[in-house]
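Residue numbers (the working numbering), protein chains in the order written: chain F, 1 to 346; chain W, 1001 to 1346.
By construction, these hints were calculated from the structure, which means they are not laboratory data. As the structure is a prediction and not an experimental result, all values here were calculated from the model. For every residue, glycine included, the Cβ atom is placed at its ideal position computed from N, Cα and C. Treat each hint with caution, since some may be false.
Where chain W lies over chain F, by a calculated footprint (3+ residues, C-beta under 8 Å) [to be verified]: (1) 33–45; (2) 73–80; (3) 104–116; (4) 274–282.
One side only, chain W facing chain F, incomplete, derived with CB under 7 Å [as the list claims (entries may be wrong)]: (5) T1019; (6) P1022; (7) L1025; (8) R1192; (9) M1219; (10) P1264.
27 Å max Cα-Cα, derived BS3-like pairs, lysine-lysine [unchecked claim]: (11) F:K282 / W:K1262; (12) W:K1149 / F:K182; (13) W:K1301 / F:K262; (14) W:K1282 / F:K301; (15) F:K179 / W:K1301; (16) F:K2 / W:K1301; (17) W:K1110 / W:K1301; (18) W:K1182 / F:K228; (19) W:K1182 / F:K301.
Protein chains: 2
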Amino acid sequence: MKLMTIAWRRNKIRIIDQTKLPAKLAYRDIGDLGALWQAIRKMQVRGAPALGAAAALGAYLGVKDVKAKTFPEFKKRLDECVAFIGSSRPTARNLFWGLERMQKEALKNKDKSIPALKKILFAEALKIISEDQIACRRIGKIGSRLIKKGDSIMTVCNAGVLATIDYGTALGVIYRAEKQGKRVKVYACETRPLLQGARLTVWELMRKGVDVTLNCDNMAAALMAQGKVDKVIAGADRIAANGDTANKIGTYSLAVLAQHHKIPFYIAAPLSTFDISIKSGKGIPIEQRAREEVTSARRVKVFNPAFDVTPHQLITAIITDKGIIRPPYIRNIKKLISNDKLKMSK
Amino acid sequence: MKLMTIAWRRNKIRIIDQTKLPAKLAYRDIGDLGALWQAIRKMQVRGAPALGAAAALGAYLGVKDVKAKTFPEFKKRLDECVAFIGSSRPTARNLFWGLERMQKEALKNKDKSIPALKKILFAEALKIISEDQIACRRIGKIGSRLIKKGDSIMTVCNAGVLATIDYGTALGVIYRAEKQGKRVKVYACETRPLLQGARLTVWELMRKGVDVTLNCDNMAAALMAQGKVDKVIAGADRIAANGDTANKIGTYSLAVLAQHHKIPFYIAAPLSTFDISIKSGKGIPIEQRAREEVTSARRVKVFNPAFDVTPHQLITAIITDKGIIRPPYIRNIKKLISNDKLKMSK
């Protein structure tokens, strides 16, 4: 059965509850914003591109039954929903990008009737979903050019089907390479504390018949020293204008280790993950999560950031849906994004 | 109450069952070699120096009731016990060092009566215990010179009370610095898969009132990048003639990360951990452990080595009970060990 991480079903947002995997593939239908906020916070739905889609659908969910008579009234409600959804988790750019698209679409159509506006916003959310499906396949196609037959690829967290709508970014590259008969081997870092690598990445790779081996995060360096890793590919939660990339905690560690072992380190992400309003990684807000994720022992002090920032100097290239970006990043990111805007406006 | 990781009580080896910590401080009395072998393999008792003592006591346990009439008969039984205990885990040098000491002591006294020989071996095992207590305190004293007031020190696995008889190597340095009023702050890497950092190091540091914060292994790099780590100190399971050091998996990762962030990286270990019969880290046998330690999910391929090797180039200095060894390691290790032998023979 084809997996859909997020879909609109019977006037609700249907998500896969990722906290139940791999033991159980359970779907959950979300009918109100409080439930969506909790689902995002608890990481039942996670992964930057998936959050963009969930947030956009959430914005629609929040306004679809609103009894507003005027645009300002309607827009006020939309903005409240956007602010509320945006308060769930701070780091993933796509979440805010999805919400902003909904706001822009509303503004663009402020002269329409409220019922028409609701239809337009619904269409916009669905468009975000279908665009993600296309973007991931493009990332897969473009990124797969970097993969050689028999490559051994290390990845972290989950940047696959479950982090997007149905294909993946970093894992999209792997799926495409596999389809091309390149028979890659994947090392999945388990990704403490919530084990998205062990629970989600291993599950979906095995489901698709990809050769995957699970390792604890602290074993990555030993694998590299033994020559068992040809490339590292990670996803991204937010990419600054200079290429500095926030991604799941441990990504930065892998980037340093990859550089030490002269292994290429790639980031794979759609353009919606870029935030060129932020100059460098220093400006990216990093979510701190509860100590209970790390230990159940009481009174123990815990350091538990959900993300870290990999400086652009450690990134060999960024694989996007619009092409591969290489250093110098400031110039090349700007160029790709301007070109994309130009094309969109044509 | 003062902890003793290993002691001789009522004709049995009393260990702390470390698999039960931190939930429960449980002692276990071991009366036969099969039980000792299992306790070592299951890591109820672990830590290189502790294994040296446990193995030596085990060798005595194995011969104390033997009905041999001649030395060759007695020695044959001893060698069998040594081989059996030595087959429990391959990496820690101290385990074999402890066993070899017992064999040498037997050979040195081969003209003695069997009852006398048994007493001599018992005394030798107790001597190994008391020597470890002294060695750890020396390591603490010598290593604490490297620690500045307010230093923030990262460590991995457990190289403390529970890895030795009652004080620790890497943590011995911290205990001594703390006693000197240096008020250090410790970051304990949790150390997957068996979480010795989270379960043992945090527990014993908190017990002694040391300021400790727990982090997942993949968070070490982020802590370093934030300037929160002044020094890294790890223990050792076996140190080759050139200074290459096998220690708990993840140690190598920390060494690479420390170098990248220009943070001193220290190994703390007694001379009994050195194996100058092995030229470099390549010769150190690395134990592979069961997949079930990493995941309960079936059919998942797992990479699970218990140790990795840190090349000497990444080690700032090795803190021993006989002094601090700095590069060039081949020469300086040889010198320290020769001096020690000379002193011992005087």
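List in ascending order the numbers of the hints, as given earlier, that are violated by the structure.
Hint check: 1, 2, 3, 4, 5, 7, 10, 12, 14, 17 and 18 fail, others pass.
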